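Colleague: Spelled out from the first residue to the last, the chains are:
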Amino acid sequence: QQQVKQSPQSLIVQKGGISIINCAYENTAFDYFPWYQQFPGKGPALLIAIRPDVSEKKEGRFTISFNKSAKQFSLHIMDSQPGDSATYFCAAIDGGATNKLIFGTGTLLAVQP
Amino acid sequence: DAGITQSPRHKVTETGTPVTLRCHQTENHRYMYWYRQDPGHGLRLIHYSYGVKDTDKGEVSDGYSVSRSKTEDFLLTLESATSSQTSVYFCAISEGGSHYEQYFGPGTRLTVT
Chain A
69 QQQVKQSPQS LIVQKGGISI INCAYENTAF DYFPWYQQFP GKGPALLIAI RPDVSEKKEG
129 RFTISFNKSA KQFSLHIMDS QPGDSATYFC AAIDGGATNK LIFGTGTLLA VQP
Chain H
689 DAGITQSPRH KVTETGTPVT LRCHQTENHR YMYWYRQDPG HGLRLIHYSY GVKDTDKGEV
749 SDGYSVSRSK TEDFLLTLES ATSSQTSVYF CAISEGGSHY EQYFGPGTRL TVT
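These protein sequences, in sequence, are chains A and H.
Using the numbering used here, the first residue of the first sequence is number 69, and each one after it goes up by one.
Using the numbering used here, the first residue of the second sequence is number 689, and each one after it goes up by one.
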């Protein structure tokens, strides 16, 4: 049972364009929503994260938009660069219960020069 | 990789043999996790530990056991490896509590023939 659903599976964007990755969840106990970035041959690394009491968080070119009522959140990468080419995972955690991260299935982003 | 090492980094083994993967941290974090990463599945939690000798199961724990005798080491054992356990295994650490960020190691690529 996939508790966090992520789309699209892969994404091709031109340099300078906007990359958008979407995630949806069911468990209303989730209270922390991170995005991880993974380059080939490396472990995932935290990119940006949001808590459900805010609707948007921006760090540089990366923005998370969060819709609590729809149980959806998305990652926007503005002015996408070839160096952003990586696999992106959304995740959710129920910190009050288990402190276990539940990951989405990942999106492979390719930014073409 | 935030003071996390995994050994071995690559291993090829035969079906039915026991395999132990090691995760070592220098951060003195309380929580340690083992994930497996497979195409189309993202990262799935195998087992985790919330302290020395304190462990619990994740969503894909069948066929795996873990041990944590010291804060810095978390061992993952495949008692009798099967081809379905061919995967990339990642260890992660976290301070826990209100600090939810997980830091991932470089991964171990395991092939079971």
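Hint data in this document are derived by calculation from the structure and do not stem from the laboratory.
Note that the structure is a prediction, hence the values are computed from the model and not measured.
Incorrect hints may have been included.
[Claimed, not checked] Okay, derived cross-link-like pairs now, DSBU-like style, lysine-lysine, Cα gap no bigger than 35 Å in a straight line: (1) A:Lys73 <-> A:Lys125; (2) H:Lys741 <-> A:Lys83; (3) H:Lys699 <-> A:Lys125; (4) H:Lys758 <-> A:Lys136; (5) A:Lys136 <-> A:Lys125; (6) H:Lys758 <-> A:Lys139.
Colleague: State the violated hints by number, sorted upward, taking the hints as numbered earlier in the document.
Modeller: 2, 3, 4, 6
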